[in-house]
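Just so we're aligned, residue 1 is where the sequence shown starts under this note's numbering, counting upward by one.
These are calculated hints, taken from the structure and not from any lab test. Take the hints with a grain of salt, since some may be wrong.
Here are the computed lysine-lysine pairs in the DSS-like style, where the Cα-Cα straight-line distance is at most 30 Å [unchecked claim]:
(1) Lys256 - Lys121
(2) Lys205 - Lys264
(3) Lys293 - Lys264
(4) Lys191 - Lys264
(5) Lys193 - Lys87
(6) Lys203 - Lys251
(7) Lys205 - Lys251
(8) Lys184 - Lys293
(9) Lys122 - Lys193
(10) Lys203 - Lys256
(11) Lys121 - Lys293
(12) Lys122 - Lys251
(13) Lys193 - Lys264
(14) Lys203 - Lys122
(15) Lys121 - Lys193
(16) Lys203 - Lys191
Cβ-Cβ distance ranges computed for the label pairs, FRET-style [stated by the list, open to error]:
(17) Gly33 - Pro238: 53 to 61 Å
(18) Gln30 - Glu276: 33 to 41 Å
(19) Ser170 - Gln30: 45 to 53 Å
(20) Asp118 - Ala294: 44 to 52 Å
(21) Arg80 - Gln30: 23 to 31 Å
(22) Gly171 - Asp118: 35 to 43 Å
(23) Ala279 - Ser189: 37 to 45 Å
It should be emphasised that the depicted structure is a prediction, and the values quoted were computed from it without experimental measurement. Here a beta-carbon is modelled for each residue, glycine too, at the ideal position from N, C-alpha and C.
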Amino acid sequence: ISVTGVQTYALPISGGVDIPIRVLMPTIQQELGQPWVIEYRPGASGLIGMEAVARAQPDGYTLLATASNPWVVLPAMRARTPYDPIKDFTPITNTTEGVNVIIAGSSFPMNNFRDTIDYAKKNPGKLSWATSGLGSFWHLDAENMNRLAGTQVLHVPFQGFGPMIPALYSGQVSMNLITLQTAKPLLDSGKAKVIAVLNSNGKAKNMYPPGAQIVSDVLPGFESGASWNGVGGPANLPRPIVLRQVAAIHKALNQKDLQERFNKEGAFTNPNGPEEFAARIASDLANSRAIVKAANIALLE
Numbered sequence: 001i002s003v004t005g006v007q008t009y010a011l012p013i014s015g016g017v018d019i020p021i022r023v024l025m026p027t028i029q030q031e032l033g034q035p036w037v038i039e040y041r042p043g044a045s046g047l048i049g050m051e052a053v054a055r056a057q058p059d060g061y062t063l064l065a066t067a068s069n070p071w072v073v074l075p076a077m078r079a080r081t082p083y084d085p086i087k088d089f090t091p092i093t094n095t096t097e098g099v100n101v102i103i104a105g106s107s108f109p110m111n112n113f114r115d116t117i118d119y120a121k122k123n124p125g126k127l128s129w130a131t132s133g134l135g136s137f138w139h140l141d142a143e144n145m146n147r148l149a150g151t152q153v154l155h156v157p158f159q160g161f162g163p164m165i166p167a168l169y170s171g172q173v174s175m176n177l178i179t180l181q182t183a184k185p186l187l188d189s190g191k192a193k194v195i196a197v198l199n200s201n202g203k204a205k206n207m208y209p210p211g212a213q214i215v216s217d218v219l220p221g222f223e224s225g226a227s228w229n230g231v232g233g234p235a236n237l238p239r240p241i242v243l244r245q246v247a248a249i250h251k252a253l254n255q256k257d258l259q260e261r262f263n264k265e266g267a268f269t270n271p272n273g274p275e276e277f278a279a280r281i282a283s284d285l286a287n288s289r290a291i292v293k294a295a296n297i298a299l300l301e
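Could you build all of it, start to finish, from the sequences and the hints given here?
Have a look at this one:
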């Protein structure tokens, strides 16, 4: 089965997904011999875009470019979603991942994660960390760190990264859980400092800020919530269509100049096959549900 005509991609999250897809698009379009048309479906933390693809015909003309949150985190955090994260989709491939960090203002008294946790244990409720919202993998990470450390650091959810930064500067919050890409200008200017690295993928270690502690080295058993971008389609997408998309996307991801560009921005390429991606989705979803249960996180409606 060949794919002809125009591909329409529903992007449920525009920010972190939009940029890497646009970087990869020229090579993918050239390889497929046809254009991609980006169709934004924002809203409800990605639920709207995911549902649109779940209900689409599996003909290869509507695919999904998304971050991990609506695929493997929201279904664990909500009482219900309008799609089944496993049954309603065909995984194609991961594309990129980012490095995620905990930062604090330059005047924050601690300089690393171990000292921060020690202080938090001795001073319950005195520290806070901001995330980009309830129901995000950042929310999972915040609650999971508190559970493993036995601390009571206050979780302060915001609507995205934008308002978190002024809150850090003003002292409204003690720390931000944020992407390295977003934090890099603040770190380079000396306005903020890294307290810890949340995720510990070996492919990203060259991008870690010098001397930064990794959370799992301080809190054994900590596993950061899923934080990746990927491409999928509706359930029952024919295998030849899947493999053709995999080949085109992987060709783009394996270009050295694009890899270097992503690295400079605090991200890295991480292509895999459909089966490996499907296994990762199942594993990440199970991990999200386990954290929600262990940390006794109240489900969102």
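Measuring from beta carbon to beta carbon, are Gly33 and Pro238 in 53 to 61 Å?
violated (18 Å)
Just to be sure I understand the hint, the distance between the Cβ atoms of Ala279 and Ser189 should be within 37 to 45 Å; is that true here?
Between Ala279 and Ser189, where Cβ atoms are some 41 Å apart, the hint holds.
Decide if the proposed pair is consistent with the structure: Lys121 and Lys293, CA atoms, cutoff 30 Å inclusive.
holds (23 Å)
Compare the distance between the alpha carbons of Lys121 and Lys193 with 30 Å, and conclude whether the hinted pair is satisfied.
holds (21 Å)
Below or equal to 30 Å on CA atoms is what counts here, so check Lys122 against Lys251.
Not satisfied, since the Cα-Cα distance of roughly 52 Å exceeds 30 Å.
For the pair we were handed, Lys205 and Lys264, check the Cα-Cα distance against 30 Å.
Within the cut-off at roughly 13 Å; holds.
That 33 to 41 Å hint for Gln30 and Glu276 (C-beta), does it hold up?
For Gln30 and Glu276 the Cβ distance comes to about 25 Å; the hint is violated.
Decide if the proposed pair is consistent with the structure: Lys293 and Lys264, CA atoms, cutoff 30 Å inclusive.
Cα-Cα ~37 Å, so violated.
Tell me if the straight-line CA distance from Lys184 to Lys293 falls inside 30 Å.
Roughly 34 Å separates the two Cα atoms, so the pair is violated.
Given the hint that Lys193 pairs with Lys264, does the C-alpha gap stay at or below 30 Å?
holds (18 Å)
Quick one: are Asp118 and Ala294 within 44 to 52 Å, going by C-beta?
violated (23 Å)
Using the C-beta atoms of Ser170 and Gln30, is the stated range 45 to 53 Å upheld?
With Cβ atoms ~48 Å apart, the hint holds.
Comparing the model with each earlier hint shows violations of hints 1, 3, 5, 8, 12, 14, 17, 18, 20, 21 and 22; every other hint is respected.
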